[in-house]
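Visitor: Counting in the working numbering, the sequence shown tops out at residue 1255, every number present.
Hints in this document: simulated from the structure, not taken from any laboratory.
Hints may contain errors.
[Unchecked claim] SDA-like mimics (lysine to any residue), calculated; alpha carbons at most 20 Å apart, straight line:
(1) K993 x K1014
(2) K1014 x E1126
(3) K1081 x K1014
(4) K993 x I1029
(5) K1085 x E991
(6) K1085 x I1029
(7) K1195 x V1102
(8) K1173 x K1150
(9) K1150 x E1126
(10) K999 x L1040
(11) K850 x N1186
(12) K1085 x D859
(13) K1005 x D988
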Amino acid sequence: MSTKNKNPRVVKYKKRRYANVGVVIFLGIFIYFAIYTFMFMTRDKISVYEVVYGKIADSTNKYYEGLIIRDEEVNTAPNAGYLNCFVGEGNKVAVGGVVYTIDENGRVAELLQEALSEENALTDENYADIKEIINDYTLNYDDCHFDSIYNFKVDIDAALLEYINMNKINEIVGSMNADNLSLFNMIKAPKSGIVSYVIDGYEDKHINDLKLSDFDKSNYTSINNKSNDLIAAGTPIYKTISNESWSIIIPLSEEDVKKYYEDTLIKIRFREDGITAVGDFEIIYIENNPYGKITLKQYMIRYADERFVDIQIVDKAIEGLKIPKSSLVDMDFYTIPERFATYGGNTKDVGFLVETYDDDGKMTVEYVNPQIYQCIDGQYYVSTKDFKAGMNLTLEDNSEKYTISAKSSLTGVYNVNNGYCVFREVHILAESTDYYIIESGTTYGLLVYDHIVLDSNTVDENQIVYH
789 MSTKNKNPRV VKYKKRRYAN VGVVIFLGIF IYFAIYTFMF MTRDKISVYE VVYGKIADST
849 NKYYEGLIIR DEEVNTAPNA GYLNCFVGEG NKVAVGGVVY TIDENGRVAE LLQEALSEEN
909 ALTDENYADI KEIINDYTLN YDDCHFDSIY NFKVDIDAAL LEYINMNKIN EIVGSMNADN
969 LSLFNMIKAP KSGIVSYVID GYEDKHINDL KLSDFDKSNY TSINNKSNDL IAAGTPIYKT
1029 ISNESWSIII PLSEEDVKKY YEDTLIKIRF REDGITAVGD FEIIYIENNP YGKITLKQYM
1089 IRYADERFVD IQIVDKAIEG LKIPKSSLVD MDFYTIPERF ATYGGNTKDV GFLVETYDDD
1149 GKMTVEYVNP QIYQCIDGQY YVSTKDFKAG MNLTLEDNSE KYTISAKSSL TGVYNVNNGY
1209 CVFREVHILA ESTDYYIIES GTTYGLLVYD HIVLDSNTVD ENQIVYH
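From just these sequences and the hints, can you work out the full model?
Guide: Shown next as structure tokens:
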């Protein structure tokens, strides 16, 4: 009888584990994003600018120091004494109006100064005259000529000063005895105009008499007499400006002459207060040097006490494509005469026949179709990466050869429409502080809505750009 094995030997096998497909996919995606994030965080950031259409209608950055020429007539003191001015600087005076008085012993000046501090300096008749001036201005006011308000202010100021002084001087003169009256002289205006007490010796100068030395401000001097000054007989006291038309003469460079020689009107901005004005313009010559003559018919009163004034020329609005200045880059190119260009197959792409040599020194001709960046004066501009100096180009009939060597540079930007940097030349028309206006519609240039690199110093030609 056989004995049954009660303890059979049992061998256990390890259970085979199978990879979870979902975990593998998830892990792969995680690693991909981790690598992408690292690359994104560590790579250089390239800012891109979208080209837009714009215009610049601003002044040039250049200031011109202009010499003012007006119709001026100087009036001198008939006798010595103490001066008392009745008409304020830059105010108007009518024919026969009292401009100033001369008091030989100074007594009238003292009495006048005391009288001016009293109340009720104006009479009812004076108030009526001032009201009439205000009514005339109100009835003739025009929004299109807002600058007339300055002339209105000048008229009111002049009237007030004249009325107050005349009222008081009449009172004083009426109370004076004959001896004091003999020492007192009231000087009246022989003609109407604007009064200025700044005398500088330019009053008799005309544009045809000007010399280069007249523009040297370092030699400029002036006198300005004021009330209570003791003056001598024959002293220039004031000048009368009787014409609203005046001229500003500015020195011009040869570039300015080329730029403005066809202009008959020009717009300027005064540096002192920012006021703009349009005047007649012509180019004149002083001792064979070019100058611009700008003739204005407004704002003369505003600058009546000045001889030199700083202005800017406001250019006409220039339209084109607007790009930031930081995007510009200068690049060198090989230049190849246009006659060596040929066309491959049925295309209109410009190419060149290049002589090449194999290891055995055997010469063959290869057609090369490079990127053309510009064509100027019969010369194609090609990249220095497409050709090497010393390469020979030939014509199809092998009648002429050209050795590549000449270089020239172009100014442009990097276009990144296709994700990598491609140079595009630009033609600058105008500029502001941060932007250029460039010509649109050029053969090898930019189009509106093109994308360019904001800072050209951060990239190189053909560099891949992530944006």
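Visitor: Each hint: holds or not?
Guide: Status of each hint after checking the structure:
1. K993 x K1014: Distance ~24 Å between K993 and K1014 Cα, so the pair is violated.
2. K1014 x E1126: Answer violated: K1014 to E1126 is near 76 Å, above 20 Å.
3. K1081 x K1014: Given that 20 Å is the threshold and the Cα spacing comes to 33 Å, the pair is violated.
4. K993 x I1029: 14 Å, holds
5. K1085 x E991: 19 Å, holds
6. K1085 x I1029: With Cα atoms ~13 Å apart, K1085 and I1029 stay inside 20 Å; holds.
7. K1195 x V1102: The hint is violated at about 38 Å.
8. K1173 x K1150: 24 Å, violated
9. K1150 x E1126: Status violated; Cα separation ~27 Å.
10. K999 x L1040: Roughly 15 Å between the alpha carbons, so the hint for K999 and L1040 holds.
11. K850 x N1186: Distance of about 55 Å is beyond 20 Å: violated.
12. K1085 x D859: Holds. K1085 to D859 sits at ~13 Å (cutoff 20 Å).
13. K1005 x D988: 12 Å, holds
Figure legend: structure checked against the earlier numbered hints; hints not met, in rising order: 1, 2, 3, 7, 8, 9, 11.
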